[in-house]
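Going down the list, the protein sequences come from chains A and B. For reference, each letter of the first sequence is one residue, going 1 to 198 in this note's numbering. For reference, each letter of the second sequence is one residue, going 1 to 339 in this note's numbering.
Hints listed in this document are in silico derivations from the structure and should not be mistaken for laboratory results. In this text, all values refer to a predicted model and were calculated from it rather than measured experimentally. All clues given are correct.
Okay, derived cross-link-like pairs now, SDA-like style, lysine to any residue, Cα gap no bigger than 20 Å in a straight line:
{"id": "1", "chain 1": "B", "residue 1": "K189", "chain 2": "A", "residue 2": "E116"}
{"id": "2", "chain 1": "B", "residue 1": "K150", "chain 2": "A", "residue 2": "D187"}
{"id": "3", "chain 1": "B", "residue 1": "K53", "chain 2": "A", "residue 2": "P91"}
{"id": "4", "chain 1": "B", "residue 1": "K150", "chain 2": "A", "residue 2": "L190"}
{"id": "5", "chain 1": "B", "residue 1": "K52", "chain 2": "A", "residue 2": "G92"}
{"id": "6", "chain 1": "B", "residue 1": "K52", "chain 2": "A", "residue 2": "I54"}
{"id": "7", "chain 1": "B", "residue 1": "K52", "chain 2": "A", "residue 2": "A93"}
{"id": "8", "chain 1": "B", "residue 1": "K150", "chain 2": "A", "residue 2": "S77"}
{"id": "9", "chain 1": "B", "residue 1": "K54", "chain 2": "A", "residue 2": "P91"}
{"id": "10", "chain 1": "B", "residue 1": "K53", "chain 2": "A", "residue 2": "Q90"}
{"id": "11", "chain 1": "B", "residue 1": "K189", "chain 2": "A", "residue 2": "P118"}
{"id": "12", "chain 1": "B", "residue 1": "K189", "chain 2": "A", "residue 2": "P117"}
{"id": "13", "chain 1": "B", "residue 1": "K189", "chain 2": "A", "residue 2": "F114"}
{"id": "14", "chain 1": "B", "residue 1": "K189", "chain 2": "A", "residue 2": "D83"}
{"id": "15", "chain 1": "B", "residue 1": "K150", "chain 2": "A", "residue 2": "G186"}
{"id": "16", "chain 1": "B", "residue 1": "K52", "chain 2": "A", "residue 2": "Q90"}
{"id": "17", "chain 1": "B", "residue 1": "K54", "chain 2": "A", "residue 2": "G92"}
{"id": "18", "chain 1": "B", "residue 1": "K52", "chain 2": "A", "residue 2": "P91"}
{"id": "19", "chain 1": "B", "residue 1": "K150", "chain 2": "A", "residue 2": "Y119"}
{"id": "20", "chain 1": "B", "residue 1": "K150", "chain 2": "A", "residue 2": "Y76"}
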Amino acid sequence: MKELKTDSSSTRRNFLRSGLRLTAAAALCGTGAVLVRKASSQEMVWQLDPALCIQCERCATGCVLPQSAVKCVHSYSMCGYCDLCSGYLQPGARARDTGAESQLCPTGAIRRKFVEPPYFEYTIDEELCIGCGKCVKGCGAFGNGSLYLQVRHNLCENCNECSIARACPSQAWRRVPAHQPYLLRGDEGLRGKRDGKA
Amino acid sequence: MSHKDAGMGKVLTAGILFLSLAGVIYFGFLALRDEPRPGAKNPFEYDIESYKKKDATPNFHREVQRITLDFALPRALAVAGNGKVYVAGDQAVAVFNADGTAAGRIDIPGPARCLAADAEGTLYLGLGDRLAVYDSAGRPKSEWPSLGEKAVLTSVALSRAHVYAADAGNRIVWKYDRQGKLLGRIGEKNESRDIPGFIIPSPFFDVAVDPDGFLWAANTGRHSLENYTEGGDFRTSWGESGMDWPQFCGCCNPSHFVILSDGSVVTSEKGIARVKVYNRIGNLVSILAGPEEFQEGTVGLDLARDGSDRIYLLDPPGRLVRIFVKKGEAPAAGDGRKP
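Please take these sequences and the hints and turn them into a complete structure.
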């Protein structure tokens, strides 16, 4: 009886031990598989880092699309709503108005709307914007830097080798996770980071 | 048609075909190249460099001394009546003797965006939304109440009886007595008093007191310097927007200014970093420093002066205080004071 008891307890212990080992191994394999799957399924897209962009104009001409997928984006929280907007008006413009000769944008893609004296709101017409970055340069050099360039993912083909990234002289292009596809500035960027979206 | 004419025709046809083929190959090659042709003009170029070229205005000043700063981000500068130079940066104020040697360091509870020092060396620091006062030994004396969560203090100026604090967030100048009692708000838009109101698109909003005791404020969005009485009545203004040297460039300038003992005004700008001297009615008389003397993207060129009208210029990216005197004058430090 004694021997039988010893054998029985030894068998149970062995069974428990083997069971635990198997469970641990299964958990480990499962976690690894989930991680591998998550890593391999993380879709990446191209984006332009506004902090590195030097507004060289190549975004306008380098894209494979007939009209570049890079567009000007406006951070309203950073904008000064200036009458004399250095991103909208030609330097030394004769008048602060919407005349074509006063505008800096070669395609007239920035809309200027009177808010209250002496403030004006500026919005981007993305259908007209060609992503040349001329307004971005003016705003960054003389204003608050509220205008900046971003790849619009409703337009971008997400080429494996982006032709603009290849031509970018300041290494401003990088791959970002598809669930955080934008590198936004101002309150919009902070809100995105808080919510887990860019 | 003679044989000779037929031969000529063949030669011409062959020539045209050859030239066409060469053209197709050449332009096709150019079109397929990634890089633009060398020397090709960028159709979208916004050439800011052309605005940086100096005009014929002379420079009547020369740089005589530099003080190196040990701050990651120097923010503000003041010169006290005792000749000491105070520089606020990070979470401290560095103190220097008039000869530029270090004289101490005052730790402060947060970053100061602006400061002023009186004749005895009492310091008035703008700590975000409030003013704090330190004695000449660097001991905290008092902290005045917060001006609200919108307040962003960007400049402090002292008259004989008052302390003026420029608030870029609320777009007004707060007026205190020396003990910290709030006496009023200056510069709020008021059509009946003919006050245009401050337009401050970015956190650069400077104030100073002239030798006659009147307050001057930089209405940067209007590219002008405005003059107010102690009671807040609008007296006059001057300044013009534009890229030319006598004008103030960009969206919001001048970012800083200081008034010399003869009433002339030294201004600094961002966008195109330049420091200029105007006479008391706003005519440009001298270019003290042009963009070629600063790093690209330089902002925050704070200005102060001492009792001998030596001009102190804070160069944040260079981590320097640069000192200028009038050409022909001795470089020795005088007894300092800041209006």
